[in-house]
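Can you build the whole structure from these sequences, using the hints too?
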Amino acid sequence: AQSVAQPEDQVNVAEGNPLTVKCTYSVSGNPYLFWYVQYPNRGLQFLLKYITGDNLVKGSYGFEAEFNKSQTSFHLKKPSALVSDSALYFCAVRTGASTARQLTFGSGTQLTVLP
Amino acid sequence: DGGITQSPKYLFRKEGQNVTLSCEQNLNHDAMYWYRQDPGQGLRLIYYSQIVNDFQKGDIAEGYSVSREKKESFPLTVTSAQKNPTAFYLCASSKALGVNTEAFFGQGTRLTVV
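Quick note, the sequences are listed as chains A and B, same order.
Once you know that position 43 of the first sequence is 43 in my numbering, the rest is easy, because the numbers rise by one and skip nothing.
Residues are numbered in my numbering as their position in the second sequence, beginning at 1, plus a constant of 115.
Any given hint might turn out to be false.
The list that follows gives simulated cross-link-like pairs (lysine-lysine, DSSO-like), each with its CA atoms no further than 27 Å apart [claimed, not checked]: (1) A:49 with B:172; (2) B:198 with A:49; (3) B:172 with B:185; (4) A:49 with A:22; (5) B:129 with A:58; (6) B:172 with B:186; (7) B:124 with B:186; (8) B:186 with A:49; (9) B:198 with B:124; (10) A:58 with A:69; (11) B:124 with B:185; (12) B:129 with B:186.
No lab work stands behind these hints, which were simulated from the structure alone.
Okay, here's the thing in structure tokens:
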């Protein structure tokens, strides 16, 4: 069974500082990884995805994520945080197995950027 | 303006009642999904559909039912058999059930049992 872990429920960072939101995964076979952001009482918005190729993936709003196969991680990063980045972030995974193509989500990490 | 529309935004249900949550998409996507979100638990898959007139149970299908009579629509019924239905429900769609296709989400319906 595929699974995703987001080890930190809450991450606080000062505005202008770099931010990292952690994600590790467990799958059989090749992983396909996604990051989403959710603002209060809203749906999820897609940020970026890793399918294959370059391990550093760039996405929306200046976010990027690094795929590390040996550590089974896909951490989300941004060089300089904004107060408006404060939101709930979800990592998700799926594989190529026909029985597991639906997305499996982590439990989410609440990011707070302090002014 | 393309997207996924969920209605209503807020829904109140009495004990023992069935309620239906609407989800419509105009993105011409084949695959549609229903997720339930509870605080601290992330999103859990209820049902998903790859094509019209076909759907599969997800991880927490008990007490829920769906239909897919049209490509654009994937309504979710929360039945009286669902013992703890109070949650935030999210509908999503994607081009296909392919590994490299991201899902697009609606704005959600918050269901409360009163």
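Right, here's what the structure says about each hint:
For the suggested pair residue 49 (chain A) and residue 172 (chain B), the alpha carbons sit about 25 Å apart, so the restraint of at most 27 Å is met. Straight-line distance between C-alpha atoms of residue 198 (chain B) and residue 49 (chain A) comes to about 36 Å, which puts the hinted pair past the 27 Å bound. Between the alpha carbons of residue 172 (chain B) and residue 185 (chain B) the distance comes to roughly 18 Å, so the proposed pair stays at or under 27 Å and holds. Between the alpha carbons of residue 49 (chain A) and residue 22 (chain A) the distance comes to roughly 15 Å, so the proposed pair stays at or under 27 Å and holds.
Distance check on the hinted pair: residue 129 (chain B) and residue 58 (chain A) sit about 46 Å apart at the alpha-carbon level, beyond 27 Å; violated. Between residue 172 (chain B) and residue 186 (chain B) the CA atoms are separated by roughly 18 Å; this keeps the pair inside 27 Å, and the hint holds. Using a Cα cut-off of 27 Å, the hinted pair residue 124 (chain B) and residue 186 (chain B) holds, with the two alpha carbons roughly 22 Å apart. Our distance criterion of 27 Å between C-alpha atoms is met by residue 186 (chain B) and residue 49 (chain A), whose separation comes to about 26 Å.
With a C-alpha separation of about 21 Å, the suggested pairing of residue 198 (chain B) with residue 124 (chain B) holds against the 27 Å cut-off. This hinted pair checks out: residue 58 (chain A) and residue 69 (chain A) have alpha carbons roughly 17 Å apart, not beyond 27 Å. Between the alpha carbons of residue 124 (chain B) and residue 185 (chain B) the distance comes to roughly 22 Å, so the proposed pair stays at or under 27 Å and holds. A distance of roughly 31 Å separates the Cα atoms of residue 129 (chain B) and residue 186 (chain B); the hinted pair therefore is violated under the 27 Å criterion.
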